[in-house]
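Listed here are the chains, written in short residue letters.
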Amino acid sequence: MIHVDQLTKQYGPTLAVDRISFDVARGEIVGFLGPNGAGKTTTMRILTCYMPATSGTASIAGHDVFRDSLSVRRHVGYLPEGVPLYQEMRVEEYLRHRAWIKRVPAADRARRVEYVMERCDLKAMRRRLIGSLSKGYRQRVGLAEALVHDPPVLILDEPTIGLDPNQIRHVRALIRDLGNDHTILLSTHILPEVEMVCKRVIIINGGRVVFQESLDTIAAQRAGGTRLVVELRAPAANAVAVVKDVPGVLHVVADNAQPVVRLDVEVKPGADVREEVFQRAVRNGWTLRELRTEQPSLEDIFVRLTAKEEA
Amino acid sequence: MRNIPALTWREINATFFSPLAYVVLTLYLFFSGFFFYLILDASRQATMTGLMGILTFLFLVSIPLLTMRLMSEEYRSGTIESLMTAPITDAEVILGKYFGSMIFFIFMLLPTLLYVVILKRFGNPDLGPIFASYLGLLLMGAMFIALGLFCSTLTRNQIVAGVLGIVSLLIIWVLGAVGERMTGDFAPIVRYIGTQQHVQSFSSGRIAFRDAFYFLSFAAFWLFLSVRVLESKRWR
Ligand SMILES: Nc1ncnc2c1ncn2[C@@H]1O[C@H](COP(=O)(O)OP(=O)(O)OP(=O)(O)O)[C@@H](O)[C@H]1O
Ligand SMILES: [Mg+2]
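Residue numbers (this note's numbering), protein chains in the order written: chain A, 1 to 311; chain B, 312 to 547.
What the hints contain is simulated information worked out from the structure, not anything from laboratory work. Among the clues, some could well be false.
Pairs of lysine to aspartate or glutamate, EDC-like flavour, derived with a Cα cap of 20 Å [as the list claims (entries may be wrong)]:
1) A:199 - A:68
2) B:544 - A:68
3) A:244 - A:275
4) A:199 - A:177
5) A:268 - A:213
6) B:544 - A:81
Could you put together the complete structure from these sequences and hints?
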């Protein structure tokens, strides 16, 4: 649905996006992550035809963003970062205006506007001037605007920023729900949100894609654990030797405390060595006080991939 | 071009919402009424020729004040991003705004018809030149608005756009007089570019294709440049 190939954007001397390639399949909800200044907004602006790329190509629903930009724009609902809106218009009036511009047939306009106001919890605010709304409500107007022409693709730049916890939940549920019949690319800095909402993540840093994986795969890797914490009542040196011998264990570090030793065990990805560790402890007559997998969260992955380059 | 009505509608709404539009409208009505009285009182003639000169000058100042908001405000508030990612062409954006301002301009002209009614009631004015004058004002407005809009596409700062508009209009206004005093091959060109003689031609009751063409071609020229500038804004 979204196809990005070797996309590059240069602002004068600044290389904001550097040969990015990725795909988003129909019906997927993809989280687009990266530290500040990574190039998320820039990529989204290219995809929504706000600005052309310096080089590379991108297409949405089969339409090239540069050559066939009007078709792309008809297929995309876009929530820009910072949610720019006409302050002097009223909520309903604004949504109707945008529906008109986006070619929602006149007969359906009122119904569509009613529907998106319902979905975004805006009905009570329909007569309010947008300029007098709180940040969270403006955010919702922006989201309603993106939805108003029922586009197959949604591109949302930080959709939950500035919302209260109830609304964050509400919007997440809404996005998840929209995922049933829309393809969604969303950027955010809230990592648990990605885990709750998205099917896949793309992490970019310094304008390059540094990580791309489905959340199912991440979760599966986690279940096996890549790190194991073991606490045993045993002599440290013996314990290290025995655990190191277990197939699948890559590396063991002990804290050398007496009489209880704590081992930090690195395991081959995908391997599950917990039961074997337990068996060996029993065979040696050691008391097993703790055995748990340390799960690398999305946050760990994010920090590992994006903090490294800055250092 | 199907999206122009939606854009024009929003533009008219925004104009009627902006306090500046009312300030400009009030001052303009006050001065035009004031001068109508002064001229009539002094000349005792049932013509509009004197007033047309005044109106032209008032529009020269007030049109840039009305058009300076058009694009600059979109740039400043960031709404340009929703506008330029909507399924509308850049030309539609410009024309939508242009027609919005044209309609407001016509709305500004309407109250002056009252003066015609007054003249008709108490005198016996020649309606031919008055009709020609109105046509001239309309065409002149079409050009002034296009130039004002062009100035607004250049900058996110409304004040800069407004000042630039007024200064440019003044310059092309005086070019006619400059042309009169010039000699050489360029003199006729400079005279042609100057606005003054074309306006005067209308207010003396002559409807000449040459003058209509002057206003319409320049309006088209500034609109074309506006679209070009807007397009170039994408390539930052
Ligand atoms: N209009 C612009 N002119 C010049 N440089 C720009 C412009 N917009 C963005 N940049 C630069 O491009 C790079 C990427 O910016 P971008 O806004 O895409 O980052 P981002 O990933 O959206 O960051 P954030 O998480 O802070 O929103 C940054 O280095 C930024 O300074
Ligand atoms: Mg951003």
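Hint-by-hint comparison with the structure:
1. A distance of roughly 29 Å separates the Cα atoms of residue 199 of chain A and residue 68 of chain A; the hinted pair therefore is violated under the 20 Å criterion.
2. Under the criterion of a C-alpha separation no larger than 20 Å, the hint pairing residue 544 of chain B with residue 68 of chain A is consistent with the structure, at around 19 Å.
3. Restraint check: the Cα-Cα separation between residue 244 of chain A and residue 275 of chain A comes to about 14 Å, which is no more than 20 Å; the hinted pair holds.
4. A C-alpha spacing of about 13 Å is found between residue 199 of chain A and residue 177 of chain A, which places the hinted pair at or below 20 Å, so the restraint holds.
5. Taken as a hint, the residue 268 of chain A and residue 213 of chain A pair is honoured in the structure, with Cα atoms around 18 Å apart against an allowance of 20 Å.
6. At roughly 19 Å between alpha-carbon atoms, residue 544 of chain B and residue 81 of chain A fall within 20 Å of each other, so this suggested pair holds.
In terms of the numbered hints stated before, the structure departs from hint 1 and from no other.
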